[in-house]
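A.B. asks: Listed here are the chains, written in short residue letters.
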Amino acid sequence: MWVLLIALAIGLSTGWFAKLESNDSSLFNSKKDVIEYWEGTIPGTPEEKVFQDLVDEYNRTHKDVYVKAVLMPWASYQSKINIAVATGQPPDVCYNAFIIADGMRAKQKTPDLAVPIPDDILTPKLKAYYGKNCLAAVSRNHKVYLFPSVKFLQGGTFTGNREWFEKAGVDIDYYTEHGWDYDTFRDVMKRVQAVMRKENGPDANAFGLNLLLLNSQFYNGFLASALGRDAQQRGYYVWDKATKKYVVDPAFNEEIVAKPLRLMQQMMQVDGTWVRKNLAMDYSQLRSDLTLKGLLAVTWNDVVGSPVELEIKTNREDLAKGLIKKPIRLCEVPFPTPVKGGRPPVFSANAEGYGVLRQIPAKSKEHVRHALEFAQYMSSPYKQAKVFMVNGRRWHLWIDEPEVLRMAKGVVSDPLDSDPNLKIMWNQYLKWYDSPSVVVPGADEPDMKARQRIGGLAGQFMTTPTQMIIERVLSNSETPEDAAKEIVGAFRKIADDYYAHHKPTPGEPAN
Amino acid sequence: MYIQPFALLFASVLAWAIIPPTIFYAWNRISCRMQQKMGKKVRPTPEFVLRKWFFGYFFVAAAFGWSTVFLFVPLIKSIMYSLTDKTLSPTVPAQFVGAENYIKIMTDPMWWKGVAVTVIYILGTLPYSVFLCLFLAGLIVNLPPFWQTFFKTALYLPGVTGVAVGAAITRWVYYPGDGFANLILRKMGFIHSNIAWFGDKHFALPTLIVGTWLGVNAIGVIIYCAALGGIPKDYYEAADIDGATPTQKFLKITWPLVKPSTVYVTITGLIGGFQIFAPALLITGGGPEGTTNFVNYIIYRTFYYDNEFGRACAMSVVLMLVIIIISMINYKVMATDVEY
Amino acid sequence: MSNTNNKFRIGTVFSFLILFGYTALALIPLYLMVFTSFIKLGGTFDLDHLRLIGNHFSFDNYHNFNLRVGGLLPRWLLNSFIVSTVPIASSMFFGMLAGYAMSKIKFPGREWLFWVIIATMTIPYFVTLIPVYEMVWKFRWVDSYSVLIIPGLAGIGTIFLSKQFMQTIPSALIESATVDGCSEIGVFTRIILPLSKPLMALLGIMGFVGAWSEYFWAYLVTNSHTLYTIQMGIVSIIGVDQNFAGDLDYGEVMAASVLASLPILILFLVAQKLFIKGLTIGAVKG
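Protein chains in written order, with our numbering: chain Y, 3 to 513; chain W, 516 to 855; chain X, 263 to 548.
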């Protein structure tokens, strides 16, 4: 009997002591300010180790704070951060802090946890350096909430394998610059597929996207190029001065929405250039079909410029492993548009970085200050240089490019110097970023509160529900016209439902 | 709000040890006294019996106290939450909404689809499993003891590894590309190109069900073995003398006599089947277009992703009622002449 | 079910064939798991890789998995052990005391408590999980060992099992002991405990196995890498809530799975009779 009690006591106390150990702060001098920092990583990559090293270094150089780094797999990070924000116990510093917090706020009634960056940290000189578009993406109501560490363009293009286009006699650079219409696009895909099948057998097909990509590629790619830059800039809702309400943009109507849906359906059902097995593949399978196996010519693009990264990685690692025989050459392939003759692709400018969230109950001002300083450290060129030195890849495009390259000089060589194809894509990117076809995040809205709520709900619709609608169109169980009606109808319903329960609030700041 | 959890547990255990016996003791004393006043001759309950009462509760206090904090109170809280729109936010109080949650659930097509998926899964796996267990047990009991233990152990072995490991293995075997299942089937000539097992909406749920067929519910086998072992051989011998066919022997002797075990296996199978969750979480994520969207998975998404605790609690209460009703029906139907 | 003597051979052979067939079928996943943990899987997989002879076996997968998770594999195994050993003692402690009281001590409300236990065993997982999850956030218990261990100790099944087992102990023994002036606690320690050694072992094993295989609760309430149990580690690698596997080396995953299953497999093989006996106690009448 006593044996049992003692065993139980030992067991419980092990747990108790271990609890202390996991909160390392208690072992250290308790005068240290503990900052909790979460990061979603891909387990086992060298980048993860770099994050940990950076945190350790920060802890060594800043003796008055202790940063507790919680690194978790990307997939669980996304769900756990939402819950943490909802309970009011989020981490102090995390990536895209205020975007996540705002996302939660739009869906439920969680409070505003984002901490704006004060002007003494974000000096006017720094603001000028980042640039207007970049800061616009990380601000709300003229206040900046993130330290940008990357800026990029989204939409506009696919990743393509240049070789197949050359073999099919297609000048892909011409179309990349000028765009192409649906008929030309379908025709090119068919020609490319014929060449691929002659060389690599019937398992090859020209175009491939999976189920999870359908909604993002639809809204940010197909639809954007159908709507054109100006309509895309307005978003799917416009402000009606008369009623002081947001209504669905007349440019976003059933007719225009049905066009890309019909194109997708035709590619799968009529042309056979996009096959069902692609829908079940995962991201890496699509990529490896494109780069290694020669079974795909065109697939998704993470952000504009990622073919650069993909080509570097493949030519460095996979070539060495013997998975391919010669280096690959990729290219940017623009989304087609229903406009006759085509028009230049439409992109969205974006930026991401690290920010600070506050807790409930709130912690001291000094604590928040320390958190802000750490967030700035994690967005600094120093950190980016360290990551670049580990993987040698141009991961998106950093703010402080020349400085990063300077720091990494001698350790890692710039891949652009050794591969002329990369330079082509890189220069294309630089030209696009300043071009007029870029949609910039909207700043001023007459009714911010309503816009955000409606936008949040629309954002929800734009994920799984849209995905399922598109899947039905692709499998011929719904016509593009009906699907378009469903989509536009849903957007209309969101606005109507909102105004059924809320009055217009023009001029009011968002909560 | 930081409540010292250990204090809560300690208080709960103490409460169980002290309160019930005190109440019963007081009740006993009062009723004795009242009966004496009414003139009846009542012997007061002996001391040692009363002492037993205290000890009884003293012994169960720890277990029940712990369970109160983590099982009973949450159960009641769950029912309470199901009538509100509670979320996890500390700053938003939960408001009473009555039956709104339940109505929303009943009118939600996704919920009914989930119910359908779960029911199809149970119908697909349970009857097969029960009969397979009985069949295998029947084969096993005729073997020498060494082989009996051997097979029981061997069949139980795969289940020991746990669900997470099982999911990892399933994921690999049924990989949509060049996975083990695809390669084997291609080699044997059954299919020509790879099937996207869990990625294809027509294949996801059947793959799960057939996958369960390929495994054996060893617990059922073991239970049936024990039950079959308890049937006296004389019954069969008497039937042989009367010239009974094997089918008649099975239907008239074996089946009725293993009824208690069948009831147990079926009910536990039902309860377990309704709790199916791991494949949705670890392999399919609810399946392509909701084809493996089990009820438990819907509940999980509701409270974890959508942060709607009220609705999730309502869903789980509905599930609980369904399980209870079905178990009772099952019990009534099958256990007509069974003493438990 | 019984065969006459001259059909004996055919019947037994038939039985053996079927049984071996089903056993092999059921054991294929296990075999695959162990096998692939020792070979190099990599990106492309072909059935050739599964041949026994001439194949390259090594411990690479184990080593690589450890590297992939930043050297945390031993820590994860340790965490699993820490989380699983406490329930051993607690299952025994709670189960035995409560089981004895429910079966042998006559106190009022006993029947009612028994029905409460039965009822609790039928309620689904999530009904109680959701409020406990909320409780965990309120207590600020997230990301600690306590939250992994403490809620799991409330085992209703152990009480049920002990009661069924202890009912088989003859009451005469207890009565004679009390007549001789033995106190309740004395009866428990001197008579019940020695007779219930198999039960104790069973409860301990059940407690260990139950806590070892628990992955979902760990997934919900832990964030830090360093706090994962080995099951949670596997879950974090293969991913949750998604239909796609991503850039996985399944050889490494299988290596981790082998490590995760090893303690339980060993335990099971050593104590199989006990396992099997435990299953039948609660199920078959008498």
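Treat each hint with caution, since some may be false.
Here are the computed lysine-lysine pairs in the DSBU-like style, where the Cα-Cα straight-line distance is at most 35 Å [claimed, not checked]:
1. X:Lys459 <-> Y:Lys327
2. Y:Lys367 <-> X:Lys539
3. X:Lys302 <-> W:Lys619
4. X:Lys400 <-> Y:Lys34
5. W:Lys619 <-> Y:Lys495
6. Y:Lys315 <-> Y:Lys495
7. X:Lys302 <-> W:Lys592
8. X:Lys400 <-> W:Lys716
9. Y:Lys315 <-> Y:Lys70
10. Y:Lys169 <-> Y:Lys70
So the derived label-pair ranges between C-beta atoms look like this [what the hints assert, rightly or not]:
11. W:Met843 <-> Y:Asn255: 34 to 42 Å
12. W:Asp623 <-> X:Gln504: 17 to 25 Å
13. W:Phe665 <-> X:Leu314: 17 to 25 Å
Keep in mind that the hints were calculated from the coordinates and are not lab data. All residues carry an ideal CB built from backbone N, CA and C; glycine is no exception.
A.B. asks: Taking the hints in turn, state whether each one holds.
C.D. replies: Hints, one by one, checked against the model:
1. X:Lys459 <-> Y:Lys327: Judged against 35 Å, a Cα distance of about 67 Å means the pair is violated.
2. Y:Lys367 <-> X:Lys539: violated (62 Å)
3. X:Lys302 <-> W:Lys619: Violated. X:Lys302 to W:Lys619 sits at ~51 Å, over the 35 Å cutoff.
4. X:Lys400 <-> Y:Lys34: holds (24 Å)
5. W:Lys619 <-> Y:Lys495: It holds: about 19 Å lies between the C-alpha atoms, which stays within 35 Å.
6. Y:Lys315 <-> Y:Lys495: Not OK: Y:Lys315 and Y:Lys495 at ~45 Å, beyond 35 Å, violated.
7. X:Lys302 <-> W:Lys592: Outside the cut-off at roughly 51 Å; violated.
8. X:Lys400 <-> W:Lys716: violated (40 Å)
9. Y:Lys315 <-> Y:Lys70: With Cα atoms ~32 Å apart, Y:Lys315 and Y:Lys70 stay inside 35 Å; holds.
10. Y:Lys169 <-> Y:Lys70: violated (54 Å)
11. W:Met843 <-> Y:Asn255: 34 to 42 Å: At roughly 55 Å between Cβ atoms, Y:Asn255 and W:Met843 fall outside 34 to 42 Å, so the hint is violated.
12. W:Asp623 <-> X:Gln504: 17 to 25 Å: Holds - the Cβ-Cβ distance for W:Asp623 and X:Gln504, about 23 Å, lies within 17 to 25 Å.
13. W:Phe665 <-> X:Leu314: 17 to 25 Å: Once the Cβ atoms are compared, 24 Å apart, the range 17 to 25 Å for X:Leu314 and W:Phe665 holds.
When the structure is compared with the earlier hints, violations turn up for hints 1, 2, 3, 6, 7, 8, 10 and 11 and for no others.
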